[in-house]
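The primary structure of each chain is shown beneath.
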Amino acid sequence: MSSNKKYWKSVEELNENSSIVETLRQNEFVEEIPTDEFLGDKETLEASSTTRRDFLKYVGFSTAAASLAACEGPVVKSIPYVVQPKEIVPGVANYYATTIADGYDFASVLVKTREGRPIKIENNKLAKTNANANARVHASILGLYDSLRVKSPMKGDAEISWDAFISETKDVLSKVGDKEIVLLTQTFASPSTSKLVAEFSGNYTNVRHVVYDAISESAALDAFQAKYGKRALANYDFSKAMTIVSVGADFLGDWQGGGFDEAYAAKRIPDHGKMSRHIQFESNMSLSGANADKRVALTPSQQKQALAKLHSLVVGGSVSVDLPEAINTAVQNAATELKKAGSNGVVVTGIQDVNAQTVALEINEALSSKAFDTKNVILTRQGNDKAVAQLVADMKAGTVGALVMCGVNPMYTLPNSADFAEGLKNTTSIAFSMKQDETATQCNYIAAAPHSLESWGDFEMKAGHYSLMQPTIRPLFDTKQFQDVLLAWSDNTTTYNDYIKTNWRDSILNGASFNNALHDGAFVAEASVEEESSDTADAGETPNGDAARALAASAKSNGMELALYAKTGMGDGQQANNPWLQEFPDPISRATWDNYLTISKSDADGLGLENWNVANGGLNGSLADVTVNGVTINNIPVLIQPGQAKGSVGLSFGYGRTAGVKEEMQTGVNAYALYQGFDTIQQVAISKASGEHEFACVQLHNTLMGRGDIIKETTLEIFNTKDKHYWNAIPEVSLNHIETPVTSPDVDLWDSFDRSIGHHFNLSIDLNACTGCGACVIACHTENNVPVVGKSEMRRSRDMHWLRIDRYYSSEDSFDQDIDKKENISGLGSSLSEFGEMENPADNPQVVFQPVMCQHCNHAPCETVCPVAATSHGRQGQNHMAYNRCVGTRYCANNCPYKVRRFNWFLYNENDEFDYFMNDDLGRMVLNPDVTVRSRGVMEKCTMCIQKTQKTILDAKRDGREIEDGEFQTACSAACGSGAMVFGDVNDKESKVAKLKEDDRMYHLLEYVGTKPNVFYHTKIRNTKEA
Amino acid sequence: MKHVIYRNLTSKILRFGFIILLTFSTSLLAQDGDPKNGKSLFNANCASCHKLDKKMTGPALRNVEARLAEDEGLDRAWIASWIKNSAAMIAAGDPYAVKIWDEYKPTAMTAFPQLSDQDISDILAYTAEPKPEPIVVDGPDTSDQSGGGDSASNKLILAALALLFGLLAMALVLVNNTLKRFAKEKGIDIPEEEKRTPIWKAFVQNQFLVLVTSIVLLLASGYFVYGYLMQVGVDQGYEPVQPIHYSHRIHAGDNKIDCKYCHSSARVSKHSGIPSLNVCMNCHKSIGEVAPETLAEGKEYGVDYNAEIQKLYKAVGWDEATQKYTGETSPVKWIRIHNLPDFAYFNHSQHVSVAGIECQTCHGPVEEMEIMYQYSPLTMGWCINCHRETNVKVKDNEYYTKIHEQLSKKYGVEQLTAAQMGGLECGKCHY
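Chain order of the listed sequences is G and W. Going by the working numbering, the residue at position 839 of the first sequence is 839; the numbering climbs one at a time, nothing skipped. Going by the working numbering, the residue at position 59 of the second sequence is 59; the numbering climbs one at a time, nothing skipped.
Take every hint as true, because none was put in to throw you off.
Mimicking DSS-like on lysine-lysine, the simulated pairs with C-alpha atoms at most 30 Å apart in a straight line are: (1) G:86 with W:256; (2) W:333 with G:86; (3) W:410 with G:989; (4) G:77 with W:314; (5) W:324 with W:105; (6) W:311 with G:86; (7) W:55 with W:311; (8) G:274 with G:294; (9) W:393 with G:951; (10) G:86 with W:285; (11) G:1012 with W:409; (12) W:260 with G:112; (13) G:375 with G:227; (14) W:409 with G:997; (15) G:724 with G:822; (16) G:997 with W:402; (17) G:989 with W:395; (18) G:989 with W:409; (19) G:370 with G:339; (20) W:54 with W:324; (21) G:997 with G:125; (22) G:128 with G:995.
Source of the hints: derived by calculation from the structure; they are not laboratory data.
Isolated chain W, as found in the complex (with noise of 0.2 Å):
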């Protein structure tokens, strides 16, 4: 399955590719700007509050100049002047630079003089490339296409494998056969085995073994009986289903957003904080879609990213539409995935602002998992092991800098451990 859905991909990578080397050469004939250079001066200047299909904070800007021209009879120099400076023209009173203020109004669009002519001609043959062909995605698909095709080859593998073994007991069994007829032809008595007495009789019989049997099995399930009582509140590998399929290898891994950027509050509180709409908002605002590819990743995981967001859009109360916000919310009901019991209080600011520790320290490959889930056992014994190996940062830390001296003194080392410290001691987690 696997091949398949990548030779689709790669064909149709091919076409796609085929066709903007189209545009891209027709372009070229048409106008004298770089569609290239074009696309990398609108995604550094003009894409936080323009789109090529759609409106946001400004209007979409496909073909913007073909149609100024045609619509409004405006030529290139027009749109120069607006782009360096459009308060300028609307102070003017320019009629068409008032309209387009009047609509977007109260914000103005920042003026870019430092654009030369030449990259305003850049930008505009980037936009006036065709709109590609959107990707075919099918819905989320839920048959063994998720579970992706790694399992599959193994299964593949798995049943030759069963095959080749089953050939190869069924020519022994064949083997033996023909070599038994042979032998009787050829008149060869095969002596008959002796009775003996069967094992389990013998097994029985020797009480020495019995008794060393029962014990090491007496052993061995107490083991497994501890080993299951020991796990009991313990939910290493907990994996709710979320109410927003959120990725945080997107976002923390392709993307390579800060842990703290969204769970800021892990630098001054105890709790790091599920981030509050309001900050998926601030880069969701103008990401209302994910890129083709992305999109053709989530198929994998069964997840339609474009569908998540809608939730957030609508959760947080925008309307697309009209890039307003238009009050109602409903607050997203996420499931918690890392308790601790009350007694236990753990304090996020101290391990990450003051020790310095990495949150993949103890959260594990956040930016690897697609879906968020436990990776540490969050036991005490987990916590103090660690208390044990790691060393305090003691480093331009003026808190430290007595006690650290005094200390290291008193137990001879130079590094000292957090349990040292007193990082071992009951009260300073229960209370």
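Looking at chain G on its own, in the form it has when it is part of the complex (with noise of 0.2 Å):
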């Protein structure tokens, strides 16, 4: 039986007339539907005489054909040269050693060229000093692929020839009358230079050379100067000291141009029960903070008065100083340890004030400490403050006639950079710039300069340790050298490669053969090793405390202290136009892409300033206005920094960079314009300001829980008194109710392969040697041809690092005392609230790095849930990964305990989306020619670096040899310049990393869930002892 019951589908249709209804009868909506709006002009469509059908024909066709015009491969051209050079062998690599120096990083490394050109920096082995590349050095490569250099010789905004320079700038130069010349440069700590220089000023009346350092160590030039009579930086070897103090310097990080964290290292390993003790005073949380065994948080002003403290201690004289009890008691037991030390402590100092610097001197003379070296000193700071504010004086008053400017770029650099652009105006300006930055673009004249891969050029960076720069590729634009100019500018035609032969013939090499020093690209002058071995301390009187008094004297503060610092990434930012760089997650902060204002939490919450997460895991900042002397910088983003002393802020250089650089990498604010007086220390008033800040931060827990399985930890005492299996375990799990160690076959799931034939690799990373430096991180990066994402990708956790050095904070005092607090809850209340507790860090808390990379264990999780088999096991060691048979599920990734695996969520190379290095053929010749460069939709990870494992047995069986320990390398093992990590066979019982595996601190992360990894770590220890 059909039912009558009628279904209403709307109130309305009870309106008998209603018109609706009667629509709907017929039309499908009641109004139409204005389809011809969205699609398109309706009279074109009408008029046109396709129809839907032949348009589906055309889309049909087309497609069919574009697939079939697809099977046919594409026509690949190959061009052999006409004449090949002999030293070029296509597909084999060729290195050159030359030196990197920009005026703010100097090193002496290998360039990795193939088929002419340079696609990696290594470390020089055979140079003495500054031989390990920083990450900044390691990324400077791009900086020759930068598409926004300048392509040739500018006036203005036209080019032109370089004979036309040569000529112009010549007729200008010769005619300013009485007015000056000055050559405004970095330092070039070059003795070629220094004698092309004084070779100009001889044949041009009036030159005056300033020597400018974007970030100043002209206090500490100063002081030195005033005390042995040289402008130079005192030499310090911490290999060989056992207690260091450290008051505001950052010497791990780019104190006095850095380099030292290979010596430092060096005692941080526990030999024979002994490593130094590191005691940090500062205010920032830095690198050398993070590292220290003992971090003391210090405003500024009251590191300048325990300095001034720990001289009257350890030198006499008395000083009053206002201190806190607790900082009061730790420069009192810092002293204590310096003078038990005796000559094996030394001081050192960041403060920049001649007084400080003086201080430091008077201190490490007093113990005659063997670390503190006044002959090899550095050379690599040369800049003068005085002299540079004179200039800016003498352009305003209009006495300087030409203005020739090399490696500066003060419209960006000085914090009076108004007054700056007032005085170029007074005056014919040239430029000498790889980019037309802020400066060059307000030039007369822009001379393109060359990278210093294109360059020649010779180094003193350390007294009578000198180095060679060689070009390593043929100049990719129409650069000239600065040097070059010099000599043509001087009527010499001798070109600057044989200034330089002819001058260290003459004065440097005594004798030694040229060829010999540029194939090791550096040298070391015969006469300054024997010196090293005459006695240092000859300084006759003793301290009168002078300087210590008006140290203590200058510590006034009233309110916020701010203190400028360089980050490891970017440095003075003259590399802001490096994707590399700006991808670089901060060792500290871990955020990428950005300045920020550091802050403590306790100010934060009085200026009710705040960091939280939003949905997505991102961090969001408040902002701020900062006011320094009247110059107000505003909307910086704030980031509360755990460590950081209370009534002081951070902030960083090499940001807020306008000319020269790409869109997407003008990133943050520009601290130089608070750097008022060459100061790093200012006196600040901030204020919290409306909106807030998207920061792209990797890490976004930075605790870790009270977990010791994943950073073992101990003390140098327990180290050294009780057996291993009390501070570094290996854990058990129940058999039977019995407890086994997992690392027992019985309790394996697995079936173990045999290991034991042929090459087995492994990693090995000492946590007590790694000062989180992040140089394996560029390296690994150019290696392996990762793409570079961007910042909103970042922030989206869609990084694509293969290595990563993770950096946790306690929540206690000491991570010792955080497991302690885990073990001890019981009950929900308890762990309700501890746990929350715990995922805060401590106001000055213990920090620990541990770079993590693919840990190729050999029971892999990721390679047993892969659909297809992309991801296998090698007999070697290595979890390989096929990329051309990867289809993305991403469920290795899923169960990797590591979270180590990367996944290409787009395209990198060649879209305009990502507009970084692999979009323009420039930037892509960087790229490794043995790596592919994956596709969107596959997974990567950490190869440890396959293609060089497999090279280097190539070269053996070719060869018909052995492979010798040391052979086998990885990028980031290679680029490791502290000895972190050592990278080899394990199966070759003599190796170095053999023997680093039966070492007593060596476990293995997370090893409780039994994936074997073949990286391993080795227990960090602390020297927490006080003297």
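Two chains, each in its own frame: build the complex with the hints.
See below:
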């Protein structure tokens, strides 16, 4: 029986005469849908003869045609050399020893070139000075292939020829009359350039050479000059120091040119129960503070008093200081330890104050510190603040006729850049620059300068320690280096290359071979080696303590203090257009693509400044306005930094570039505006601004929650006195109610493969030696063609770094206390509150760094879940990843306990959405031809540099020889200057890595999951015992 | 056509031989040198710098003795002393010697004190031979000549066969008709064939057969579709037209030049490398033209080898007249034949130097290829197969000593294959 029920579709149907109901009977919609409006112009559509069917036919046909055409392989052309250079074999890398020197970073390096193009920078093991490239030097190779480089000399906005440039500028120089010619340059530390500048000064009247370091060490130079008569910086060899006291000196960062980490790390590894003790007094959390055994957080003005006090306690004399009790005790303890250490102690300071630097020198003299060296002095900082200030005044007064700049960018780096701009109008200005940067764009002439890798040069980084720079590629653009132009201006027809050769033969080599020096990249004059043995302590009178008293007196503070610093990634900011460095996570804050105001939690609470995580995990922060002496920077993002001294804030240089930098890379704020009087310490006023900032921070959880199985650490005392099982126990699981170590085969779900034959690669990482410098991160980036993804992708946690350096803070005062706290949690209430508390780092936490890459598990969880067997295990211990086989399910990443797999969410090369180095032909020249450039939709991860191990094996096979220990290297282990990473074959029982694997400190990350990784770590030991 | 060509050729060769014989006998009368011995001496000692009819590093030498006697009044003794030690004569200030030195310096002529007077007479006898009549070669012919005689004769045979079969068929029809006519005449009634269901209808009605056939058809088409798809991206037999017609047949086959002379980086690098043009010029500086016989061979392939050598000279910027490089170069844009995808890593030196594999194993009979083509499929299956079958060359290689001892014990074999050595692991080629 059929039902007569009628279902109403709407109330409208009750209304009998509704037009709507009537319409709906006829049409689907009541009103006509304005299809034409959104489909396009109605008239054109009607006029078009193409019907919908035709359109579909065309689409179908063209799709079919396109797919058919795609089946045909493209025609690939191969163009050999007409005359092949003897040294080039296609497919075989050539290495050249050279020097990277940009005025801020100086390093002796090896440059790997393929088919004539440099692709990677490596450490030069033959050089004794600055031989370990830092992250910026490793990344500087990308600067060579920067698409924004100046491609030819320019007059204003127009390109001109070099002939025209030289004749015009020469004319300018010869017609300055009674005005001055000023050369405003970076620190060259180059004997030949100094000679050349002297010759140039002889050819023209009224020449003045002003050296300008963007981040100045002028105070330290002045102090050293006053005491020792030479404008240089004292050298410190931390491998000779057992007690290191640093007052505001980030010597593992960029303090006095950097490069101290290798020597420092050498004494951080316990050897016969001994390791150095490091006490750090600082305001900002720095790399040095993070590595210190004891870190005391105090404001910059308190640092000055602490240093003065330390002086009075160690050297003698009396000062009146006003320090809080805790800090006072810490200073007294430090002084006691220093006196006990005697000549094994050393004091360094980073306070930009002549008195402070003098005090540090006096203390080291008094200790007759072995680490303190006044003979092999550091020459890589020569800037003179007073001369620069004088120059700006002279320019404004109009007494400078011509200004020639090289390697400097004062319009960006000078705090009084407005004055400088005004002065520029009164003079003819010539800028040697690789970029149309803030200064070059305002100059009359831009001389296109070559990159370090395209130039000749010589350097004396430390007295008597020379190094050479040679071109590794023909100049990419129509460039000329400063020295060649100086020669042309001096009517000297020799090239700078010949000039260096002559100068070296005459005054440096002393009969040694130039070609040998060029091959090694470095040369140590014999005289300086002899001098080293001679006694250094010949300072006559005992210091009277005036400097310390003046220092203590100058330490006044009313309100907040700002400590400006340089970030590990960006340095002084000249490489701001380098996407590798922009994306490099800061070792401390783990934030990328930004600078920010670091502030302590309590100060932030007082000012109402906050950090919080949003739904996708991204970190957001408040904004603040910062005023220094009338200069205000608005809307600086605020990052709450554990360990930041109360009453102080930090802000890094190097950001806020506006010219010569791609739009994506114009990040952060320019802190140089606050760098008044070239003093990194300033009085500030801070107020909260409206709005919020989105950070791209790659680590969202900062504490270990008392999990001692991720980072094992103990104290030197326990390490020396207790059994290994106490401080480095192997986790146990229950087998038939018997506790069994997880390493036992009885509790293993898997059958093990026989790995005793052939090579078995292992990577050892010593947490004691790792300073967190990040050179390995950039080296890995370069070697493995890792893409840059940009800030918004980083914020979504889609970073592509194969190697990350995790940084953890303790939640209590130390990690040990964290573990105790976790162990003692009982009951629901306690666990809820106390676990919550443990998420917050302490005010002055212990810090630890842990490099994490694919652990190459022998029992890899990722391999078992791959549906297409794209990831598999090799006999040599490497976990392989076949990109062409991967279909992108990401099961492997989900199943990886270490979270080291990276997914290509997009096509990162040749894609305008990711306009970084892989998007232009020039930038792609840096790619390693032996490593696949991955495409969208595939998983990737650390391969343990299989291309390098395979190359080493092949070379040995071809020579028919066995492989020696040390030949196997990964990019990260080769870049590691501190010796924290050691790579090798553990089946070679004599190898270093095999011995390290047997070490008591050895443990595997998350050992209890039973993955049996081929990467292992060494327990961190802290020298906590106060003397 | 083939026969025609050869008939021509033989007659030419005959005529050529006759001329040579003639000159031979005349020169024998004129001088007491042996031009045959002279030729071999010339090729061994002089040919690297001298040609008979063309200036090279040194002057052209055809009729040198007669020319010197006529123009300069110099006799054989002068020539002999020049050959034995030209430098001494220049130093002594002999006017003509100095003139020659000025013309060709800085390359001084090598002294040949080891040549006896008889040798010199032989060489001079050889240079005194008249220029042989050039073999007339038509310009490169693009008609069916280039296809060679084989196909033409095949066609002929096929045509003859077709004709034969046609005749046979016609004969059959005729015989049938005649027989039918006989039968009609004799009154024999040929029984009408019964109307049967047509075979296709029967086929359609038999469902089993239809099922089997369609399954077979489906399987077959599946097979072919699979086969088609599997060869997408496989360019076996790829033989592109190259900017210079370079014949591996002549270089590697006829002249037996070692592959690694030109592809030297195969020994040490992942790339075998296309030789740079300066490598070509090592030989082609003195080989500006090919031998007439070779030129004739080239006609079969429709190519003028001399013109191809000129292309090389143009690319490398070599001026034949002055024997100097002009400096104007234009690199040759060869078309790459063997293209591996980017995600596969292949290293020549591993296979060539370490394993000692012949180039021909993968590249085929290159010495027979007029134009290079891709011989192997270069698929992963092909690589893997070889790795499974090929033994590792461990002899005299210290690298392998330990691993071979241990692995062969483990697998219980005398000889390890590349696969057993780990040559099947994904990451060994894909990274």
